[in-house]
Amino acid sequence: MFAIDRIRRQFPVFRLTDDHPALVYLDNAATTQKPMVVIERLQQFYGHENANIHRGIYRLAHKATQSYERARTKVANFLNAKQPEEVVFCRGTTEAINMVAQGLRHQVTSEDEILVTAMEHHANYVPWQTLCKQTGASFRVAPLKENGSLDLYLLGKMLNKKTRVLAFTHISNTLGTINPVSEIVELAKKHQCLTVLDAAQSVAFDQVDVQDLNCDFLAFSGHKIFGPMGIGVLYGKTELLADLYPYQQGGGMITEVTEQESRFKNPPHGLEAGTPPVAEAIALGTALDFVSEIGLLNIREHSQKTLNYALDGLNRLGKVNTLGPGSGTSNIISFVMDMIHPHDVATILGEAGVAVRAGHHCCQPLMQALGINSTVRASFSIYNDTDDADRLIDALKTVQKIMS
Amino acid sequence: MFAIDRIRRQFPVFRLTDDHPALVYLDNAATTQKPMVVIERLQQFYGHENANIHRGIYRLAHKATQSYERARTKVANFLNAKQPEEVVFCRGTTEAINMVAQGLRHQVTSEDEILVTAMEHHANYVPWQTLCKQTGASFRVAPLKENGSLDLYLLGKMLNKKTRVLAFTHISNTLGTINPVSEIVELAKKHQCLTVLDAAQSVAFDQVDVQDLNCDFLAFSGHKIFGPMGIGVLYGKTELLADLYPYQQGGGMITEVTEQESRFKNPPHGLEAGTPPVAEAIALGTALDFVSEIGLLNIREHSQKTLNYALDGLNRLGKVNTLGPGSGTSNIISFVMDMIHPHDVATILGEAGVAVRAGHHCCQPLMQALGINSTVRASFSIYNDTDDADRLIDALKTVQKIMS
Amino acid sequence: MSESLKKLYHDLIMDHQRNPVGFKKRDEADIVIDAYNPVCGDKFTLYLDLENNKVSQASFHGYGCALSKAATSLLMASLPGKNLEQCQQLIESYLYELRYDSSGAEEIVKALSVALKYPGREQCVVLSWETLLKFIEARLT
Amino acid sequence: MSESLKKLYHDLIMDHQRNPVGFKKRDEADIVIDAYNPVCGDKFTLYLDLENNKVSQASFHGYGCALSKAATSLLMASLPGKNLEQCQQLIESYLYELRYDSSGAEEIVKALSVALKYPGREQCVVLSWETLLKFIEARLT
Ligand SMILES: Cc1ncc(COP(=O)(O)O)c(C=O)c1O
Ligand SMILES: Cc1ncc(COP(=O)(O)O)c(C=O)c1O
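Residue numbers (my numbering), protein chains in the order written: chain A, 1 to 404; chain B, 1001 to 1404; chain C, 2001 to 2141; chain D, 3001 to 3141.
Calculated from the structure, these hints are not laboratory results. Do not rely on the hints blindly, as some may be mistaken.
Said to hold, decoys possible - Which stretches of chain C does chain A cover? Using the computed rule of at least three CB atoms under 8 Å from a CB of chain A, they are:
{"id": "1", "stretch": "2003 to 2011"}
{"id": "2", "stretch": "2058 to 2065"}
{"id": "3", "stretch": "2115 to 2124"}
Where a beta carbon is used, it is the ideal one built from N, C-alpha and C, also for glycine.
Let the sequences and hints guide you as you build the complete structure.
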C-alpha cells in the first residue's frame, strides 16, 4: 500500500502554515519538493562534516571524500550502471548534455550529422544546434506524428552512417509522452551512432536501467528527484566517457601540469573540475535512497492513478483539450482550454493555491510542431493525491467562470 | 572588538562532540566552515520556499525568483559592481574561468597571446592553456622573482598588443602572496588586454571592489566565503559579458529557438543555462550578509594577527622554512620542514586534530618554479584563534620528535 | 473568487478581451509593427494609418492572454486622432500610472495595474504599449 | 603520541627511512624504472641489475615521504637473489598482506599496513611496489 499521508508528512512544504495554506503543488516536472531526510542530510554535512575533498590528509576531508564517492556508487546502483566510474557529477541535465556535446566537438566534422527530435527540451536541442554551428555538421530534427508522438519510421530513415549522435528524451516534459527507448537505441546502434538520453523526467517516475536501455549517455537532475539543486548526473559508458574532451579544466581533474601541456585523470574525476557540490551530491544519494525505499513501481502506479483521476475530471469539464499521445501514461499532462490563454489559467489557479506551469516549457520547437504557443501543464508526484486533482478541477471551473 | 567566541559559536562544526573533539581547522583556503545562518537559509528554502525559477506564474515560484535575484544584488553590492546584471551565478571559480575562456574562443586567433602567471591555481592556468591549444594562440607564463612574488617588470615586458587576456590571481592560494591588482590592471590596460582576476582567496579576506580594481572579469567560489558548495560568481563588465558566447545552452537563457537558429538572452541570464542552484545562490547571499556584518576590515586584521602569531611560533620551532614573500600579510602560510615530507607532517597533524593541507595545492607550475614538490599549508579564518596556532605548533613539535 | 482576482479580471478588462477594439488584420496599413514576446509566445501585430500626421485608424491582430489583449485593445481605442508626439505622451503616462501611481487613472488602467501584483504578468499589460513606444521614439529622432 | 601513530611511524619504518637500503643513483643499471605519483609529487627511480635472470643489485633514489621511502627501501632489500617470477610473487603477497590480511606478515609489513587506515596515505606504501609489478608483468608476457 502506498501510504500517501505518511509520505506527505515527510515534506515540510506541505505542513500547513500561514505562508502556505494547503499548497497543491503540480509543478513537479519543473522541480520536486524536498523530503526532510534530504534537508537534514545537507544540514548534517554543512554543520558537522564539511570539508573539501581531493586528497585531504585529515579525517574530515577523508570522510567527505568517502561520502561523496559513496553517493556516486548509490547513483550507479540506482541506474544499474556497471560501475561507479560511469557516473559523473555535474550541475544538472543541462550541464550533462553540454558536457557531451562540447566533449565531442574535437571529433565532429562537417561530414557528420546530429539528430535530435522535435519534442526535445531546449537543453537537449540547443547544445546540439550549437555544436553543429561550431563544426559545420548538419543539425537534423526527427519529426512527430500528428498526435505528438515520435515518428519512429521517419526517425529510422533519418539515421544513416553519417549520424554521429542521436539525442532524445525519455519522457517529454511537455506532453508526458514516453518514448520507446530500447527500440530507438537499437535503431541507432545499426548505424554506430551514439545515443544520448535525456532522463530528466523519467528517473523520478520509473525504473531506469542503463544496461537494459543500452544508451551510451544519460543525463538527469537531482532537483527533479527530491534532491538539492546544483547537482546532477551524466552517466556514460566507460570507454565513451574517456573519449570526451574535459568540458572544464581545473583542480582535482589533473594528473600533471607543465607549461607545455596538461594531463588529465580518467573519468569520472577527469570530468569533474574544481570543487564539486559535495554536500549536494551526498544529499542526492539520500534522495535516491528515499525513492528506492518507496519503490519506483509504487511511484509510477500512484502517479498514473492520480493523473488519470485528474484526466477524468478534465474531460468532464468540457472545452479542454489534452495534448499528445501520452495523456494518462506518465505523470505529466498538458492541456489548453478553449479561448482561454494558459497564462490566465495559471494566474487564476495560482490564486487558488494550485501551482502549475504555463508556457512553452522550454520546448519552442515542439510548440511550433503542434502549432500552438503554450500549454498549461500539471505534473504529479508521490505526494499528490485525488484531493489535489479535485482542487485542480475546481479551480479550472473558476477559470471557466471568470473567463466565459 | 572582534568577539571570536561569539563568532565560533555560530559554527556548529566547532561544537565539541565525540565526533569532533576540538577541531583545529586550518584548511580555510580549501573551503571554509559554514555558520548556522547559512545552513538555516538552505533549510528554510528547501523546506518552505522551494520552486524552480524562470517565469513561474504561482507565488512560490515568483518568490524563489525574487530571492534568487535579490542574492544577485547582494553579490553586486558586495563587490561594488555597477549593477546586478554584471553578476553571473555559476558553480565556482573554476567554472567562472572556464566560462570566460571558452566564451572568448570564437574571438581568439593564432595571432593572439594569452598571459597567466607562474603562481596560478590550475583553475586559472589549464583553461587558458586549453584555449591556446584550441585556437593556436600562444600560451605565456609570467615568471616569479626568486622570493616567489610576481616579477612586475617582466610581466610588463611580456604584455604587448597581441596579448588578448591577462589572467592572474589576487592572492596566491599556496604562498598567500597578495598581488598588486590595480597596478597590474593598469599595465594590462595600456595594451587593451582583458584582465581576469581569480579572487577565490581574496573575497573572504579583504574588501574587493571591482570598480576600484577595474578588472574586466572576476571569479570566486561561495564555499570559500562561508557559503554552500556548488555556487560561485563570475563578475564581468556588462559589455564584456555580452561578448562571451554562452558557455552552456538550455532552458532559461533562450529568447527564441527554431530549427535554424537560437537567440539568447542578454547577460546575466543568457549565461545561466538550465536550473541554477537557486537555494545555494540565496544562501550565498546570506553568507555575504554574515561577512559584511563582521566586517572585512575586522576579518583581515584578525586573520593577519592570528597568522603572525603562528608565524612567530613556527620561526621559534626551527628547521622550518616558510615560503613566499607573503608570509604574514595574508591569511595563508606555506612551509616545509627540514627533511620531513609534508604528507608525514599532515598525517601527524591530522591525528592531533589539526587540519592542514599538504601537497602541491593545485599549483604544479608554482612548485616547479620554486623547485619543490609540495608544502604544508595552514590558512586562517575568522574562527581561528591563538589557541589554534598553539595547537598547530605543539603538533609540529610532535612531528619533529617522531621524525627526528 | 478573491477580491484581487475580481479586480484583475475586472468587467472592464473582460469587455475589452471579449470585444476588442479594432481586432482585425490590415496588412495594407501605413504602419505595421510586431509586438512579440518570444519568452511567453504572445504576439500581436499593430496596424496604424496616419493622415496629416495623425492616427486615423488603429487595429491589431494576433494571439495573447486576456490581459495583453485588453491592454492592446485599450491602446487601439486611445490612439485615433492623436499625432505621434501625443501618442508618445499617452503611452508614457499609461506606463507611469501602471507602475507608480494609478490613483488618478481611469478605471481600466487601475484594473490593468493589478497585473503587476501577479507573478510573471507585468509583460502582458505593457507589451504592445512598450513596443509602440519604441517605434515612435525611433521615428521621432 | 597516539598508539596508532606509534604503529605507523614504527621504529622499523623509521630505520628504513633514516638508512634506506640501496639509496643511490645508478643510471648504468640494467633496468631503470620511474615510480612517480604526479598527484602527490613523490618520485623514485628504481635501479635493478640482473645476472643469470636474477636480481643481483637493487637500489633507488628520489623524493618521497617517510612511508614511501621505507616501503621502497624494504622492496630493495627484498629483491636481490630472486628471479622475476619470484619478485612478482613477493610483490603480490606484500600487496595482499597490506590490504587484506597482515596477521602472518613480517613486523615491518604490519607497520606499513597501518598506513591504509590513514586518509590519503595508501599510495605511499604501494607506489614503488605496484610500479615494479607492472614492469615485471609486462616483461613476462
Ligand atoms: C586561487 C584559487 N583559484 C581557484 C580555485 C578553484 O576554486 P573552486 O574549486 O571552488 O572552483 C581555488 C580553490 O581551490 C583557489 O584557491
Ligand atoms: C526533459 C528535460 N530536459 C532537460 C531539462 C533541464 O534540466 P535542468 O534545468 O535541471 O538542467 C528539463 C527540466 O527543465 C527537462 O524537463
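Practice item. Check whether three or more residues of the stretch 2115 to 2124 of chain C sit with their beta carbon closer than 8 Å to a beta carbon of chain A. Key: Since three or more residues must qualify, the claim that chain A covers the stretch 2115 to 2124 of chain C holds, with 5 doing so at under 8 Å.
**Study point:** Cβ contact check, 8 Å cutoff: the stretch 2003 to 2011 of chain C against chain A, three residues minimum
**Key:** holds (count 4)
Review point. Has the stretch 2058 to 2065 of chain C got at least three residues whose CB is nearer than 8 Å to a CB belonging to chain A?
Key: With 3 residues close enough to chain A, the hint holds.
Of the numbered hints listed earlier, not one is contradicted by the structure.
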